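K.L.:
Listed below are the residues making up each chain.
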Amino acid sequence: MKINRNFVLKKIGDESVVVPLGSEAINLGGILTLNETGVLLYELLKENKDILELVDALVESYNVKRENAMEDVLEFIEKLKGLGILDV
Amino acid sequence: MEDYFDNDIIVLVIYVIVSKIANVNIGFELLSREGFYNNILKYEVNEEPELIIKSNNEKITIEGILFLENTFYDLYNANGKIIQIQKRDGKIVGKIAYGNPCIISVMNDYNLNEYLLTQYIFQWYFDSNKKALFIHGSSVMYNNMGYLFSAKSGTGKSTHAKIWTDNTEAISINDDKNIVIEEDNILYLYGNPWSGKSLLDNNVKAPLKAVIYIFQNDTNIVKRLDKKNSFIKMLQQVIRPNNVEEAKNWDEMTTKLLDIPTFEFGCNMDISAMETIKKELEELK
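For the protein sequence lines, the chains are A and B, in the order given. My numbering puts the first residue of the first sequence at 1, with every later residue one more than the last. My numbering puts the first residue of the second sequence at 89, with every later residue one more than the last.
Simulated from the structure, these hints should not be mistaken for lab results. On a predicted model such as this, the values are computed, not experimentally measured, just so you know. Where hints are given, some of them may not hold.
With a cut-off of at most 20 Å between alpha-carbon atoms, the simulated EDC-like pairs for lysine to aspartate or glutamate come out as follows [to be verified]:
#1 K46/A - E334/B
#2 K11/A - D339/B
#3 K46/A - E333/B
#4 K336/B - E47/A
#5 K344/B - D14/A
#6 K316/B - E15/A
#7 K321/B - D14/A
#8 K46/A - E36/A
#9 K316/B - E36/A
#10 K81/A - D50/A
#11 K10/A - E334/B
#12 K10/A - E333/B
#13 K315/B - D14/A
#14 K10/A - E340/B
#15 K2/A - E78/A
#16 K10/A - D314/B
#17 K315/B - E36/A
#18 K336/B - E15/A
#19 K336/B - E24/A
#20 K316/B - D14/A
#21 K311/B - E363/B
#22 K336/B - E43/A
#23 K11/A - E340/B
#24 K344/B - E15/A
#25 K321/B - E24/A
#26 K11/A - D314/B
#27 K169/B - E151/B
#28 K315/B - E15/A
#29 K10/A - D347/B
#30 K10/A - D339/B
#31 K293/B - E270/B
#32 K46/A - D339/B
Turn these sequences into a full structure, and let the hints guide you.
P.N.:
Quick look at the structure:
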C-alpha cells in the first residue's frame, strides 16, 4: 500500500485537503477534505505504515475500541483506494 | 536576422530577440514573425539572456525515446532529457526538448505552435526556478495595484476587464495566463506576452491587491470568500505542478495567495458591474 505520489496534503487555515497533481488532477476533478483523524492516518500511510499500525495509532490517540478503530481504518483505506490516492 | 545562401535559396529565417519577462531575460529564436513575435517586442531588452529558446522545423520523431506519461501532452525521457510531444487532433504539431537552451520543433502553424510551446517552457522555467504561480484570468492595473478577475473560459472575465480599461485609467496586465511572483513577501502580477487570443498585455508589474472569481448574473452581487472556498475556486484556475517534487513552491505560493482578499462576484456585462466591484475593492485597506 502506497500513497500515490501525485497527491499532496495541504493545510488551509484549520483545514486539511488532499490535492491531486499532474495526470491525477485530470482524473479526479475535486479535492478531498480530511478531518484530524484522516490527517493522522494519511501521514502514517505516507510513511508506509501497515493497517495494524494505523489501528494502533487510532487506539492510542483517541482511546477507541480496537474493533471500531479497525473498521474506521478499513473504511478510510477503501475510500482512498477508490479515489486512486492509495496504490495497492 | 535573415540568413541567405549565395544562390538565393532561403535556408531558414530566424527572428532573434531577448525579452525581459517577469524579471527573467529570455532569448528567443523564432521561425514566425507574426502575432506572438510582435507581442514579445514589448518586453525587448538589450541584455544577455538567462534562458534560451530555439525554434526549428525539424521532423519530429518519437523513435528511441522512453514514454513517461500523458496529461495535456505526452512526456518522454531521452537519455535523461525530458521531451514533450504536443498533439492536436491526434497529430503531432510540436516538440520541446527541455534544458537551457530549450529546443522546440514546430509544424504547420509556426506562430500558434511557437506561442503554445514557449508558454509551456515559461511555466516550466518559473515553476522549477522561481517562486511563481500561474493563474488563468484577466488582470488589470488600477491606481498602481493589480486586480485579477478569474473564471472558467467563456464567463466574461475579459469582457469585464475591458469595462475597466475602457472606462477608467486601468490598463491590462495580462488577458489569459497570469503570473504571480513573490518578492520580499509581496505578491506581484507581472505582464507577460502569453495573453491568449487577444494578445492583450502590458510590460508592467503591480502588487496583487485582490482576486475576484466571477460568474454571470443578472444583478451584481459581491461576496468575500473564506480561505477554504477561495482555495476551491483557485484550484479550478491555478496551474498545478506536475509532481510532488515541484509542489513545495506551489504549496507556499497558493498559501500566500489565500492571504490576498478574495471575492466571488456575480456580475452582468454592464458598466454597473465595474462600479459595484470597484466600490468593494476601494474599501480594502
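K.L.:
Are any of the numbered hints broken by this structure? If so, which, sorted upward?
P.N.:
The structure breaks none of the hints.
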